[in-house]
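> Here are the chains, one letter per residue:
Protein chains: 2
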Amino acid sequence: MKTLKLRKVAIDTYKENVAYLHRNCPLYRSEGFQALNKIEITNGIDTTPVIAVLNIVDDEKIIATDELGLSEQTFSQFKGVENCTVHVNHATPPSSLRLVHKKIAGNRLGKNDFLNICEDIVNNRYSKIEITAFLVGCAEGGLERDEILYLTEAMVETGKILDWGEPMVVDKHCIGGIPGNRTTMLIVPIVAAHGMLMPKTSSRAITSPSGTADTMEVLAKVNLKQEDLGTIVQLQRGFIAWGGTANLAPVDDILISVERPLALDSKGQMIASILSKKIAAGATHLLIDIPVGPTAKVQTQHDALKLRKLFEYIGDQTNLELEVIITDGRQPIGNGIGPTLEARDVLQVLHNEPNAPVDLKEKSLQMAGRILEFDPDVRGGQGYYLARDLLESGRALKKMEDIIMLQGKHHTSFKTAQFQYQVLAPESGYVNSINNLQIAHIARMAGAPMDKNAGIDLHIKLNDKVNVNDALYTINAEFNADFQFAKTSAQKNSGYTIGGKQ
Amino acid sequence: MKTLKLRKVAIDTYKENVAYLHRNCPLYRSEGFQALNKIEITNGIDTTPVIAVLNIVDDEKIIATDELGLSEQTFSQFKGVENCTVHVNHATPPSSLRLVHKKIAGNRLGKNDFLNICEDIVNNRYSKIEITAFLVGCAEGGLERDEILYLTEAMVETGKILDWGEPMVVDKHCIGGIPGNRTTMLIVPIVAAHGMLMPKTSSRAITSPSGTADTMEVLAKVNLKQEDLGTIVQLQRGFIAWGGTANLAPVDDILISVERPLALDSKGQMIASILSKKIAAGATHLLIDIPVGPTAKVQTQHDALKLRKLFEYIGDQTNLELEVIITDGRQPIGNGIGPTLEARDVLQVLHNEPNAPVDLKEKSLQMAGRILEFDPDVRGGQGYYLARDLLESGRALKKMEDIIMLQGKHHTSFKTAQFQYQVLAPESGYVNSINNLQIAHIARMAGAPMDKNAGIDLHIKLNDKVNVNDALYTINAEFNADFQFAKTSAQKNSGYTIGGKQ
Chain A
7 MKTLKLRKVA
17 IDTYKENVAY
27 LHRNCPLYRS
37 EGFQALNKIE
47 ITNGIDTTPV
57 IAVLNIVDDE
67 KIIATDELGL
77 SEQTFSQFKG
87 VENCTVHVNH
97 ATPPSSLRLV
107 HKKIAGNRLG
117 KNDFLNICED
127 IVNNRYSKIE
137 ITAFLVGCAE
147 GGLERDEILY
157 LTEAMVETGK
167 ILDWGEPMVV
177 DKHCIGGIPG
187 NRTTMLIVPI
197 VAAHGMLMPK
207 TSSRAITSPS
217 GTADTMEVLA
227 KVNLKQEDLG
237 TIVQLQRGFI
247 AWGGTANLAP
257 VDDILISVER
267 PLALDSKGQM
277 IASILSKKIA
287 AGATHLLIDI
297 PVGPTAKVQT
307 QHDALKLRKL
317 FEYIGDQTNL
327 ELEVIITDGR
337 QPIGNGIGPT
347 LEARDVLQVL
357 HNEPNAPVDL
367 KEKSLQMAGR
377 ILEFDPDVRG
387 GQGYYLARDL
397 LESGRALKKM
407 EDIIMLQGKH
417 HTSFKTAQFQ
427 YQVLAPESGY
437 VNSINNLQIA
447 HIARMAGAPM
457 DKNAGIDLHI
467 KLNDKVNVND
477 ALYTINAEFN
487 ADFQFAKTSA
497 QKNSGYTIGG
507 KQ
Chain B
7 MKTLKLRKVA
17 IDTYKENVAY
27 LHRNCPLYRS
37 EGFQALNKIE
47 ITNGIDTTPV
57 IAVLNIVDDE
67 KIIATDELGL
77 SEQTFSQFKG
87 VENCTVHVNH
97 ATPPSSLRLV
107 HKKIAGNRLG
117 KNDFLNICED
127 IVNNRYSKIE
137 ITAFLVGCAE
147 GGLERDEILY
157 LTEAMVETGK
167 ILDWGEPMVV
177 DKHCIGGIPG
187 NRTTMLIVPI
197 VAAHGMLMPK
207 TSSRAITSPS
217 GTADTMEVLA
227 KVNLKQEDLG
237 TIVQLQRGFI
247 AWGGTANLAP
257 VDDILISVER
267 PLALDSKGQM
277 IASILSKKIA
287 AGATHLLIDI
297 PVGPTAKVQT
307 QHDALKLRKL
317 FEYIGDQTNL
327 ELEVIITDGR
337 QPIGNGIGPT
347 LEARDVLQVL
357 HNEPNAPVDL
367 KEKSLQMAGR
377 ILEFDPDVRG
387 GQGYYLARDL
397 LESGRALKKM
407 EDIIMLQGKH
417 HTSFKTAQFQ
427 YQVLAPESGY
437 VNSINNLQIA
447 HIARMAGAPM
457 DKNAGIDLHI
467 KLNDKVNVND
477 ALYTINAEFN
487 ADFQFAKTSA
497 QKNSGYTIGG
507 KQ
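Protein chains in written order, with the working numbering: chain A, 7 to 508; chain B, 7 to 508.
Worth double-checking, as some hints may not be accurate.
Identical copies carry no separate label here, and so any pair may be met within one copy or between two of them.
[Said to hold, decoys possible] Below, computed lysine-lysine pairings styled on DSSO-like, alpha-carbon distance capped at 30 Å: (1) Lys108 <-> Lys315; (2) Lys507 <-> Lys11; (3) Lys493 <-> Lys11; (4) Lys85 <-> Lys11; (5) Lys21 <-> Lys11; (6) Lys67 <-> Lys11; (7) Lys227 <-> Lys166; (8) Lys498 <-> Lys303; (9) Lys467 <-> Lys415.
Source of the hints: derived by calculation from the structure; they are not laboratory data.
Given these sequences and hints, build the entire structure.
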């Protein structure tokens, strides 16, 4: 066991622990350390080591020869201050890695196996390549449905679990990939106005033009403390906040940091990811929306059905009351795409304005209706009508205003973006298809979600009749460079195909 | 496309490309970059981008807000100088990644598929996690034998191929895992003394107490330029050099940098790795040694046979004349373990000293005999006797001395190591087993291969009779700390089991 002085290196290595050692450090050659080796670091008192991947440094300004550097995330896990003495050793592979080898060899793993793996992952004992090995072993039908169940449970158990102290806590989740699909911001006020508990945490956009948290942020603060959320939910029965800071199913975040760049098709992993987060967030009743369409995440009815069965199975085994609806994912929902434009759509529906987007309103009512029917007092089939009544009577709007006030209202002037460009129909005919991916891409190029006002405003939807030079949509941008990129991209491929009546 | 100023960051990230961006760099948020994203960097003239994984920096001493940093390896691939203007963009995944997804899904890949993947890997378009995905997809019987062939060919074709200008170039390879097994240093002088061409490149130890290159380095320089190797081989028909710098099957080195820490059991990958290196090194005739034993890499005769068939199949398809021998891998070969001690064994055999280790001599003669029989003029079955004659007549020694002289003789005084400790037999009986792994571990703890004189000297071998307190072996170390570690480890587990006659 050899000692060095601890130093924090101000490099953000995200979900991977990295340590830095100078090439002329006496330990480097004598210990046979090599770049990308895994080492374990202890403070000599605490018995649990921090594990990190080694990078070798040739610049004493970054790290001196008697120092060991830790990246920001790694430093924060280590019980020690700068300049304290640290002990460094070769790390032994995490003991659960043999289970990963078993999985790769095609064996079935049990409940405890998944728990061991998740415990090692959550304690940062896995490097990125070890996590990849686990994910690839689980990908493409590598998990049987019981294994998906075990993985879900293991991800829940290796994190915090929220308890709202009530027998019924409802939630919803959409499989995603549909721009503009801001049903959550209508469902929460409708359901909470009925008195059901819906503490909704949402995500920010990562690859999409806006996440629910980004859009809600146009209207209110979304970065709230757990204790404030508890107060809001007591008073209003619901909120719409960003879920990023709670330590719920933390293994999921680590797995996703590797899975996303790989674009792995791992159904089992996706189901475990969604359900573990919901269970950890304290949900007892969950509605899942699977949109199907050629440019949606799920492309065929057959795939959607298979997915539904798996969700139902895991739901039943974990005592989560779970319903799945399969919806039309052939085009964006609503007109606005990008935070401010989507918030505008939501307010139009809540205010029952005549020009409010009908598809957003109808989909939200259908989904809210299904959630309302979780209430034993609501008669089967009556949820939709109840939801419509809650919306059209203005009670949902009132509830939303109260929630916004408690979360912290943002005063938004829905002003026009700095730069605007209309994309025109190149010919007359009917809109035969709208490509969700291309529309999302153009909206992101225009600056969404970073620039709240940036995005796309759709004027024409699927199956609409258009004349040549009718405006299909307007691109909104705040900066000229972004504006030009988005314009060029739309000119190359508008995302719309126009043809005969279908 | 946005521009930044290029800076070299003196961090060694080994086989992974890493780029550094300051968190306050205007590009960071506006482009939606995130730590661990892959970006592509161009100089605006050259069309081929360099791909790197992004780390985010919070310290302007490491990287300023208008700069893009590249790690040492990445910088060396980039056509540009410090402070030049670079263009940065999100990297699209390498096009061959869809083939990796196909492989993971259980599909068979063709020759061109493996070539596409290897081309992307050799051009650093794969991140570590993408390489892991490929390896895991190929692991545990994931490759059929034709796929192993395609992968071998693709790894050869994506690197340099040496041509020695002769119809017969012989080589040997041992599957490894047996400490002390320095047959190469006897086979090369014997075979070269017969006049056959044997340009032998060897590896340094990575996890073992010594590689052939480490042991040869005790006697001569091993880090030689390709042109010098050409001269030596013309004059002496053979050499024993370090193979690390030639650009032979470079994909293999990249794959191994990921495979090793994962400890993946990937037979197909191992075969492709060995054969691609040999074919690229210009070998036409190859002898492969598969030692079998409970603590060897291959543990059963059955596994060894399966491996032999695969080697033979790929050899035949690639016009490599290939022979496989299955040998006794139940214990170390020779007495010395560690560079200097092994070099001493080799010299004892070459000098025909009476106390030379018999097992090392016999195994080397057997293997050299098989290689000599590749010569059409050598009668079948006579190779062993020819090899023995070449050794015992002193011609092999003369050849070795000539080779050492040309490579650059190192004047070694075979002096005793600073610290020595004898491990004694705890009881009387017969040696029932010797654990290769534990013996290798203790030798490494003692300082091998970094300290040339460190290691283990075996006095008693398998099936030998011992009395209580007889010395089983002596630990040699140059530094007290290493010495204590090795001693403690040997006291805990000597690696020897002693029992009744078997």
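> If the cut is 30 Å between Cα atoms, do lysine 85 and lysine 11 qualify within a copy, between copies, both or neither?
For lysine 85 and lysine 11, only the intra-copy Cα distance (14 Å) is at most 30 Å; the inter-copy one is 37 Å.
> With identical chains, the pair lysine 467 and lysine 415 could be close in the same copy or across copies; at 30 Å between alpha carbons, which is it: within, between, both, or neither?
neither (32 Å within a copy, 81 Å between copies)
> At most 30 Å between C-alpha atoms: does lysine 507 with lysine 11 qualify within a copy, between copies, both, or neither?
neither (73 Å within a copy, 54 Å between copies)
> Since the copies are identical, ignore which copy is meant and state whether lysine 498 and lysine 303 lie within 30 Å (CA to CA) inside a copy, between copies, both or neither.
within (23 Å within a copy, 57 Å between copies)
> For the identical chains here, do lysine 67 and lysine 11 meet the 30 Å Cα criterion within one copy, between copies, both, or neither?
both (15 Å within a copy, 20 Å between copies)
> Regarding lysine 227 and lysine 166, is the shortest C-alpha distance of 30 Å or less found within a copy, between copies, in both, or in neither?
within (24 Å within a copy, 59 Å between copies)
> Checking lysine 108 and lysine 315: alpha-carbon separation at most 30 Å within a copy, between copies, both or neither?
both (27 Å within a copy, 25 Å between copies)
> Since the copies are identical, ignore which copy is meant and state whether lysine 493 and lysine 11 lie within 30 Å (CA to CA) inside a copy, between copies, both or neither.
The answer is between: 28 Å across copies meets 30 Å, while 54 Å in one copy does not.
> What label fits lysine 21 with lysine 11 when the C-alpha limit is 30 Å: within, between, both, or neither?
both (24 Å within a copy, 27 Å between copies)
Violated hints for the displayed structure, listed by number in ascending order: 2, 9.
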